[in-house]
Amino acid sequence: MRPESFRRSTSRGFYRLLVGLAVVIVLVDLSVAAVQAERFARIGWHVHQRPKQLPRDDDLDPLAYFAPTAALSAAQQLIPRRATYTVVVGNSPPVPDPALIRIVFEMWLVPRLYTERRADAQWVVAYHHPSETIGVPYVSETGIAPGVNLLKVRR
Amino acid sequence: MRVELGLVAENLLILALGLALLYSIGLARLRLADVRLIGLAYLTGWALLGVITSLVLIVGGHSGVTTTLIVVAATTGALVLVGRRVHDPEPARVRSHRHPLRFAVEALAATIVAVDLVSAYVVSGRNQWDPYLDLLTAWIPRAQIVHSMHTLDATLWQSFVTPWYPPLVPVMYGTTFDFAGGFHPSLLARQQTLLGIAFVLAVIALLDRYTPRWLTLPAMALLASTPWFWWRLESLLPDQTVAYLIAAAAIACVSWLHEPRRAWLVLALVFLAAAALTKVEGAIFGGLLAAVVLVIAFLTQRATAGRAAVLLIGPALLLPWHFWLSSQSIPSSTPDYNAPQIVSLDFLLGRTDRLTYAIGYLLRAPFAGPFGQEPATITIVIVGVTVIAAVALRLPAIAIATGAWLTLSLLAIVAIYWTSRVDIKFYVSTSASRVGTTLIIAAACLAPLLLGLALRPPADDRQGPGSPT
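From first to last, the protein sequence lines stand for chains A and B. One point on numbering: in this note's numbering, the residue at position 15 of the first sequence is 15, and numbering is uninterrupted. One point on numbering: in this note's numbering, the residue at position 390 of the second sequence is 390, and numbering is uninterrupted.
So that you can see chain A by itself, here it is in the shape it has in the complex (with noise of 0.2 Å):
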């Protein structure tokens, strides 16, 4: 056989498996496809058949976990904008885990600076902790949740 032509013909062979690879690869992907996009398909129409909400309560419903939404809606208009604030959870009742509620309210009121510190705040939000015992002076006392009220330092 001359060099040329079994070039050509090893070249022509090499193409023919790559087409069957080719050709393979297409089966699988589509029959491991198929199973799922039956299953994502259900999903989707079991989904759909939820009513729908308010972006408002959208938002706010998976925060529900962690605190009451109600005290996160008032806090955001209580406090204004560029306000300094703390939150101050206590234990009575005891709340499971007290670094996720500061977290979700630093979350939720932006572009308000968070505190560590309750003498530099301008607002203390007292989560299930008695307002008398906060530590600062307070010029006002809104009650925001049940257990949750939002202070007013005096200053």
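Wrong hints could be hidden among the right ones.
[As the list claims (entries may be wrong)] So the derived label-pair ranges between C-beta atoms look like this:
1. A:S11 / B:A368: 32 to 42 Å
2. B:D130 / A:S140: 28 to 38 Å
3. A:W45 / B:R421: 41 to 51 Å
4. B:A114 / A:S140: 52 to 62 Å
5. B:A114 / A:A99: 23 to 33 Å
Worth flagging that the hints you see were computed from the coordinates, not collected in a lab. Here the structure is a predicted model, which is why all the values come from computation and not from measurement. The C-beta atom is built at its ideal place from N, Cα and C for all residues, glycine as well.
Please arrange chain B on chain A, whose structure you already have, making use of the hints.
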């Protein structure tokens, strides 16, 4: 209604910007047939808007609806002018012989892709957003900062964890809040799913030049049907966004290695820049990609190799961000890394257990562990490795470039775990499945591209009408 109109307006602006870029590089002709590029236009527009707005904020500018309108108008106008002056010939698409079997494969695959993407969009619109800790402590509050203050307010920015994370995602989330008229994290899942849909359609459009759809569509059907990929379409964590940008950049880079068109370099640059400004991992993966492409280009095509240096600008855009952090006295990297000791051999050798644990975990992960022996993931990995090996004889430079980049990127992830101070098991278990899947997504997109290139007759890389495959 106002919210919906605002989101529509934002998405149309992103689309217009992306289409203008595609027009300027000769991939679009501003006619009806360009509707097949809608995904690529959206992904490109999103990336470009994110990069420009992030840079505007970094140099002290303001964000907001007005800024977005000005940025889009000015950039779109400039790009259209460039497109009118510079007439790059439009790359021809691969055309296939009509065959009922081929049509059946394409129709079935397209149906699966459509079912996956539509169902994902429906779910994103009705599911509640997932309040992951990283979202509550970093990404969402920073988006709120951008939306409320229209600047990168340094005091607020550093009051949340990981302030060194680049700003692109908070900037784009903040832009969505601007157009929606308020702070609505529940809307972000739908926007993220739209971005994911755009990515899948963009890959199909990018591969059209070299790969017949009977190869591309089944590969995209497999990716879209992979459970973790499908569920993460609506995720607000930016890891999947990084994956979209890096995978799209990789496609553009491999396309450029095969056919050095200006269009591929420009696209790659935009995606690499956006990836770098999204997460540090984006800069690492992107930097490695740019470096590999540069080396391979110098070895195989010296005449045009120098142009590939422009790719390095993408990852380098992280530098302005670092300058901003320094100027605001904000830490520019995580203290979890023992930076002064990283170059110490004793330090590195003393923690080889972390190295071997990380390597073992990452290599096993697609077949066990976090992916639960998922058939789709296993298929993608095996197909990716097989294709790279199979096409090596036909396309040695491209196969080596692809294999080298994926390997180096994997080693980069390993190096992060090796040198970190965080407990290795905790670190790997909470991050590897998010960061590592960038490479799996890239492999899923590159496999059909490599196959398509390998199956093309050598004479078919001319500028004229596509030839049958």
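Evaluated hints:
1. A hinted range of 32 to 42 Å holds for the C-beta pair S11 (chain A) and A368 (chain B), which are about 40 Å apart.
2. Distance hint check: the CB atoms of D130 (chain B) and S140 (chain A) are about 36 Å apart, consistent with the given range 28 to 38 Å.
3. Hint check: W45 (chain A) to R421 (chain B), Cβ distance near 47 Å, so the stated range 41 to 51 Å holds.
4. Checked against the hint of 52 to 62 Å, the pair A114 (chain B) and S140 (chain A) passes, with Cβ atoms roughly 57 Å apart.
5. Take A114 (chain B) and A99 (chain A): their Cβ atoms lie about 44 Å apart, and the range 23 to 33 Å is violated.
Violated hint for the displayed structure: number 5, the only one.
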